[in-house]
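The residues making up each chain are set out below.
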Amino acid sequence: MRRREDAELLTGKGRFIGDLSRPGMAHAVFLRSPFPHARIGSIDADRARAMPGVHAVLTGADLPPDLGAQPNTHLFGERETPYYALARERVRYAGEPVAVIVADSAYLAEDARAQIVVDWDPLPSVGSVERALADDAPLVYDDLDWPDNVAATFEQEMGDVDRAFDEADVVVTERYRIQRQFACSLETRGVLAEWDANVDELTLWTSSQIVHIARDLLAAVLGLPEHRIRVLVPRLGGGFGAKFHFYPEETAVALAARATGRPVRWVEDRMESFLATVHAREQRVELSMAAREDGTITAVKGDLMGDMGAALHTVGYGPLWLTAVMITNVYEIPNARVRARAVVTNKTPLGSFRGWGQPQANFVVERTVDRLARELGRDRAELRRQNLIPPERLPRKSLHHTLDSGDYPACLDRAVALLSERGWPDRQGELRDQGRHVGIGISFYTENSALGPSRMLNEGGVQQGGYDIARMRVEPGGEVTLYTGLCEMGQGLTNALTQVCADNVGVHPDQITVVTGDSSQVPYTGYGTGASRGAAVGGAAVMKASRTVREKVLRIAGHMLEANPDDLEAEDGTIFVRGTRARSVTMADVGRAAYIRAIELPEGEDPGLEAIEAFDPPQFAWPYGANIAVVEVDVETGVVSFLDYIYVHDCGTIVNPTIVEGQIQGAVAQGIGAALFESLPYDDEGQPLFGSFMEYLLPTAAELPRLAMEHQHTPSPNIPGGMKGVGEAGTIGSPAAVVAAIEDALSPYGVRINETPVTPSAILSMIAEREVTAA
Amino acid sequence: MKPPPFDYATPRSVDEVVEVLREAPDESSLLAGGQSLMPLLNMRMAQPRVVVDLNRAEGLGAIELTGEGRVRIGSMVRQRRLETDQELRDRLPLLTEAARHIAHVPIRMRGTVGGSLAHADPAAELPAAVCALEGRLLVRGTEVERTIPAGDFFLGALTSAIGPGELLVAVAIDTPPKGTGWAFHEVARTHGAFALAGAAALLHVGEDGGIDLARLALLGVGSVPYVPDWLGEMAVGEAPDESLFRRIGERAGDEVAPFDDVHASADYRRRVAGVLSARALAEAAGRSNGRASG
Numbered sequence: 027m028r029r030r031e032d033a034e035l036l037t038g039k040g041r042f043i044g045d046l047s048r049p050g051m052a053h054a055v056f057l058r059s060p061f062p063h064a065r066i067g068s069i070d071a072d073r074a075r076a077m078p079g080v081h082a083v084l085t086g087a088d089l090p091p092d093l094g095a096q097p098n099t100h101l102f103g104e105r106e107t108p109y110y111a112l113a114r115e116r117v118r119y120a121g122e123p124v125a126v127i128v129a130d131s132a133y134l135a136e137d138a139r140a141q142i143v144v145d146w147d148p149l150p151s152v153g154s155v156e157r158a159l160a161d162d163a164p165l166v167y168d169d170l171d172w173p174d175n176v177a178a179t180f181e182q183e184m185g186d187v188d189r190a191f192d193e194a195d196v197v198v199t200e201r202y203r204i205q206r207q208f209a210c211s212l213e214t215r216g217v218l219a220e221w222d223a224n225v226d227e228l229t230l231w232t233s234s235q236i237v238h239i240a241r242d243l244l245a246a247v248l249g250l251p252e253h254r255i256r257v258l259v260p261r262l263g264g265g266f267g268a269k270f271h272f273y274p275e276e277t278a279v280a281l282a283a284r285a286t287g288r289p290v291r292w293v294e295d296r297m298e299s300f301l302a303t304v305h306a307r308e309q310r311v312e313l314s315m316a317a318r319e320d321g322t323i324t325a326v327k328g329d330l331m332g333d334m335g336a337a338l339h340t341v342g343y344g345p346l347w348l349t350a351v352m353i354t355n356v357y358e359i360p361n362a363r364v365r366a367r368a369v370v371t372n373k374t375p376l377g378s379f380r381g382w383g384q385p386q387a388n389f390v391v392e393r394t395v396d397r398l399a400r401e402l403g404r405d406r407a408e409l410r411r412q413n414l415i416p417p418e419r420l421p422r423k424s425l426h427h428t429l430d431s432g433d434y435p436a437c438l439d440r441a442v443a444l445l446s447e448r449g450w451p452d453r454q455g456e457l458r459d460q461g462r463h464v465g466i467g468i469s470f471y472t473e474n475s476a477l478g479p480s481r482m483l484n485e486g487g488v489q490q491g492g493y494d495i496a497r498m499r500v501e502p503g504g505e506v507t508l509y510t511g512l513c514e515m516g517q518g519l520t521n522a523l524t525q526v527c528a529d530n531v532g533v534h535p536d537q538i539t540v541v542t543g544d545s546s547q548v549p550y551t552g553y554g555t556g557a558s559r560g561a562a563v564g565g566a567a568v569m570k571a572s573r574t575v576r577e578k579v580l581r582i583a584g585h586m587l588e589a590n591p592d593d594l595e596a597e598d599g600t601i602f603v604r605g606t607r608a609r610s611v612t613m614a615d616v617g618r619a620a621y622i623r624a625i626e627l628p629e630g631e632d633p634g635l636e637a638i639e640a641f642d643p644p645q646f647a648w649p650y651g652a653n654i655a656v657v658e659v660d661v662e663t664g665v666v667s668f669l670d671y672i673y674v675h676d677c678g679t680i681v682n683p684t685i686v687e688g689q690i691q692g693a694v695a696q697g698i699g700a701a702l703f704e705s706l707p708y709d710d711e712g713q714p715l716f717g718s719f720m721e722y723l724l725p726t727a728a729e730l731p732r733l734a735m736e737h738q739h740t741p742s743p744n745i746p747g748g749m750k751g752v753g754e755a756g757t758i759g760s761p762a763a764v765v766a767a768i769e770d771a772l773s774p775y776g777v778r779i780n781e782t783p784v785t786p787s788a789i790l791s792m793i794a795e796r797e798v799t800a801a
Numbered sequence: 226m227k228p229p230p231f232d233y234a235t236p237r238s239v240d241e242v243v244e245v246l247r248e249a250p251d252e253s254s255l256l257a258g259g260q261s262l263m264p265l266l267n268m269r270m271a272q273p274r275v276v277v278d279l280n281r282a283e284g285l286g287a288i289e290l291t292g293e294g295r296v297r298i299g300s301m302v303r304q305r306r307l308e309t310d311q312e313l314r315d316r317l318p319l320l321t322e323a324a325r326h327i328a329h330v331p332i333r334m335r336g337t338v339g340g341s342l343a344h345a346d347p348a349a350e351l352p353a354a355v356c357a358l359e360g361r362l363l364v365r366g367t368e369v370e371r372t373i374p375a376g377d378f379f380l381g382a383l384t385s386a387i388g389p390g391e392l393l394v395a396v397a398i399d400t401p402p403k404g405t406g407w408a409f410h411e412v413a414r415t416h417g418a419f420a421l422a423g424a425a426a427l428l429h430v431g432e433d434g435g436i437d438l439a440r441l442a443l444l445g446v447g448s449v450p451y452v453p454d455w456l457g458e459m460a461v462g463e464a465p466d467e468s469l470f471r472r473i474g475e476r477a478g479d480e481v482a483p484f485d486d487v488h489a490s491a492d493y494r495r496r497v498a499g500v501l502s503a504r505a506l507a508e509a510a511g512r513s514n515g516r517a518s519g
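From first to last, the protein sequence lines are chains A and B.
Residues in the first sequence are numbered consecutively from 27, following this note's numbering.
Residues in the second sequence are numbered consecutively from 226, following this note's numbering.
Hints listed in this document are in silico derivations from the structure and should not be mistaken for laboratory results.
Among these hints, one or two may not hold up.
Computed from the model, here is a short list of chain A residues facing chain B with C-beta under 7 angstroms [as the list claims (entries may be wrong)]:
{"id": "1", "residue": "Asp-130"}
{"id": "2", "residue": "Tyr-133"}
{"id": "3", "residue": "Glu-136"}
{"id": "4", "residue": "Val-293"}
{"id": "5", "residue": "Thr-663"}
{"id": "6", "residue": "Thr-726"}
{"id": "7", "residue": "Glu-729"}
Rough simulated footprint, nothing fancy, chain A against chain B, three-plus residues with beta-carbon under 8 angstroms [stated by the list, open to error]:
{"id": "8", "segment": "295 to 308"}
{"id": "9", "segment": "347 to 353"}
{"id": "10", "segment": "497 to 509"}
Ranges between beta-carbon positions, derived for each pair [stated by the list, open to error]:
{"id": "11", "chain 1": "B", "residue 1": "Gly-434", "chain 2": "A", "residue 2": "Asp-459", "range": "57 to 63 angstroms"}
{"id": "12", "chain 1": "A", "residue 1": "Pro-49", "chain 2": "B", "residue 2": "Asp-492", "range": "58 to 64 angstroms"}
{"id": "13", "chain 1": "B", "residue 1": "Ala-482", "chain 2": "A", "residue 2": "Ala-801", "range": "24 to 30 angstroms"}
{"id": "14", "chain 1": "B", "residue 1": "Arg-237", "chain 2": "A", "residue 2": "Gln-713", "range": "42 to 48 angstroms"}
The structure presented is a predicted model; accordingly, all values stated were derived computationally and were not measured.
Think of the CB as a built atom: it goes at the ideal place given N, C-alpha and C, for glycine as much as any other residue.
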């Protein structure tokens, strides 16, 4: 099935926050901190407030005294890092909101912003984990009497790691640096708030992936009952996890609407988005691997430092935690130990981005396996194959999770076979003989999808469920309305849910309308739209609700047709006796009976044709796959170009192949962005060295390879329908494969690449260093 | 990202533009394709009192080809036309090749030749190409029209020889001798991003097999395009071989004074400028004497 929204979106008819308008609406802009760390003295906004067209200027001092701090729902045992809708008394990162200015237009609001005078008292600050952990480091939370800059330390161990390292034939240790990146969606964020003072009700349009969670968190911060707030999410131009967060601007714009008595809209501009939207990824990792001479990996230990920025945002240090617990990847490694320190710095808070902590875990593990292969003189694919968990030993518990199902070796074998079928590595040899630098890189990933079992989340400290609830209704005319708490953000989720619904209730997809993004209409979803759970958890809930309605449809139709419901089939809106379409009724006939002509219902059947069903997965679902990148490096300029890219994976049952392929292509693009292009560098004090797309480079179509993609299908044993998530998968294994390919291409120089992004400039200096060493 | 208030003027002729500029010579910004000025306005990094829109001024949008091989390109000619105008491509393929490296097609549809030259971004393609072509920039002021050789036009990063109250009207370029080879090489981190370094080259090999014309201009390696004044001495009369080009590249790399930024070190730019110089000269040599065209 083709994506149904494409005509609307491609012809510019999609309505996003920036397209919405309300009568009397005013526009907000934010004044943000220019300093990484500073005490706020007085703020003189008198001139700004007096300007024509300006309705209000709110600062931290104007916030209600009982306003709550912005909440964190992922509580893993950490120091609190309170921050508010607007900074109170001090700022801890450049870009932190300090005042909101409301005026008749964004132009006037920016004019007024330029007139505000803040008496700043800059404080010492830290711009990196290394600096934050130094003995004499300035403290990010000196005012809260923190002894150091560590918000939390997480440790976990399985097996006997020390013994395994003592008994190992080979030990390799590497240090890795993974840069800051962020979701950088095509649509920036935005909020439109309208406060009805008569009934004290707030309507909030927001670019969010978490309809009910945003509502609940806002209710908690404002001290309002949840049902006094209606959250609406219009079309989203991408989310990628950054819109999974609940932001200070959502609270501030709501307060601005209350203060001015007008609807107030704020649309994040592109430049502020680089500082105001959560960043992601940044870690320093030291990883050690122990192995026997025969290549069996016996233990792994990791020491992780996450640069969390100035506060633990909505998901706490969740991504860092996920990196830590996935440190054995897909391998049968019995002994593992991790320590992860969540370090605060004077930088934009870290948060979610497609893949969460998994790309980092994959990068450090896969690169270290490569190192081990070199140490042992083994083929990289073969060494992986030897250590993959074989299918007969699945499910298998790793540090925290239980990997569920699949055939990892078969997937890797197919990818390697495809590499040969496409002429590599013979061509690599030929090209090398011509003096060209061609490299092949391999990685294998799994993805933590279908999040997640509510009980497991709650036990771990997450203050959110992991279930999803779907409501579906056959209308009197036979059409179907499907309500989901998940959000359509361009990924095509509503298409997948439509297909699941159509198949399970027996109507044509064109008969289904999906309602999303309205907390007053759609059912509650435990976790929101993220963690690759839409098709798997949301799909399973839709399947359950659709089947419940179908049973009733068949009972009513059976009564109308004087047939046993068990002998009936429903397809494309027609219900007929199996084998003879002559005896049939339509969904409209059944709908009319259910709502209008109750006289046609079977004795004792309630009117109405609607069901609401919840699904809470008993376990996560674990898709997996192999990435093989083939690149060429121009050793005179350091420019990397792709010659080929192979992607073989298994995400269980595929609902819509086009969407799955699009998800993977897009996610691999972001992984390539991580490997080669995207970075948010700061100086030692926490001053950003970026500010626009001049510094933050996203890959374009011209930089990206066309994927040679193949699917394998192992249905998830834990999800009705067998779906596994797929949305994040492409980001996970791609950085390791691309960097491995570059390293392989540069093998004549013997460079080791443990840091991303790998820029042309970095490549030339690595080559130069090796040449100096060799000389 | 909204500009502060400004006045907006829409003169209909070059004379009217000059008239408007006379009123506020130091507080006016000229709007051509808007690909640099609009972001600067939106970021409030430029806060002119008057924005003078050149888009309705007649007489700035033509490409004129004269009999004796001279080309005059009006300052409001869109960059995209450098790629699509067949006659221009035949006469000045280096300009076409340079234009292809400017950002993306939609930007080239709006961006103008004059806008890019007047903006004088050290990483821009057209300034280097016009330097290699030894173009002359025609600047109109209140009283007089001045002709400024490209080598004297670029004074610093984002600074040209256009004075207050003046506007760039056109660039005039003499078609290089028949059979001159050309090449434009650049390295940017992504397609359409600002160049880390680049080289524009022209080279003609005489009938005796020796080089009789060699020109080179580098971009991205300093505050203005770098044009080696020693190139003729080093190259003319020599055979066009790789080792010569490599030596030229190495010398060029040694002499430029590039800067560090988040994308690349100064040392990288220096090295790659040399590599691209050698490559561009070699490719231009290969195209010389009509061995390849178009």
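Consistency of the hints with the structure:
Annotation: Asp-130 (chain A) was flagged as interfacial toward chain B, and the flag is violated, the nearest CB pair being 12 angstroms apart, outside 7 angstroms. The restraint placing Tyr-133 (chain A) at the interface with chain B holds, with a minimum CB-CB distance near 4 angstroms, inside the 7 angstroms limit. The beta carbon of Glu-136 (chain A) comes within 5 angstroms of a beta carbon in chain B, closer than 7 angstroms, and the hint placing it at the interface holds. Interface hint at Val-293 (chain A): violated, since its Cβ lies 10 angstroms from the closest Cβ of chain B, which is beyond the 7 angstroms cut-off.
For Thr-663 (chain A), the interface hint holds, the least distance from its beta-carbon to any beta-carbon of chain B being 5 angstroms, beneath 7 angstroms. Nearest Cβ of chain B to the Cβ of Thr-726 (chain A): about 5 angstroms, under the 7 angstroms cut. The hint holds. Because the closest C-beta pair between Glu-729 (chain A) and chain B is about 6 angstroms apart, less than 7 angstroms, the hint holds. Counting residues of the segment 295 to 308 of chain B whose beta-carbon sits less than 8 angstroms from any beta-carbon of chain A gives 0, not enough to reach three: the coverage restraint is violated.
With a threshold of 8 angstroms between beta carbons, the proposed coverage of the segment 347 to 353 of chain B by chain A is violated, since 0 of its residues qualify and at least three are required. Proximity of the segment 497 to 509 of chain B to chain A, defined as three or more residues with a beta carbon under 8 angstroms from a beta carbon of that chain, is established by the 3 residues found. The hinted window of 57 to 63 angstroms between Gly-434 (chain B) and Asp-459 (chain A) is violated, with their beta carbons roughly 32 angstroms apart. For Pro-49 (chain A) paired with Asp-492 (chain B), a C-beta distance near 60 angstroms keeps the hint of 58 to 64 angstroms intact.
Separation of Ala-482 (chain B) from Ala-801 (chain A) is about 27 angstroms and conforms to the stated range, judged on CB atoms against 24 to 30 angstroms. For the pair Arg-237 (chain B) and Gln-713 (chain A), the beta carbons lie near 47 angstroms from each other, so the given range of 42 to 48 angstroms is met.
Consistency with the previously given hints fails for numbers 1, 4, 8, 9 and 11, ordered from lowest to highest.
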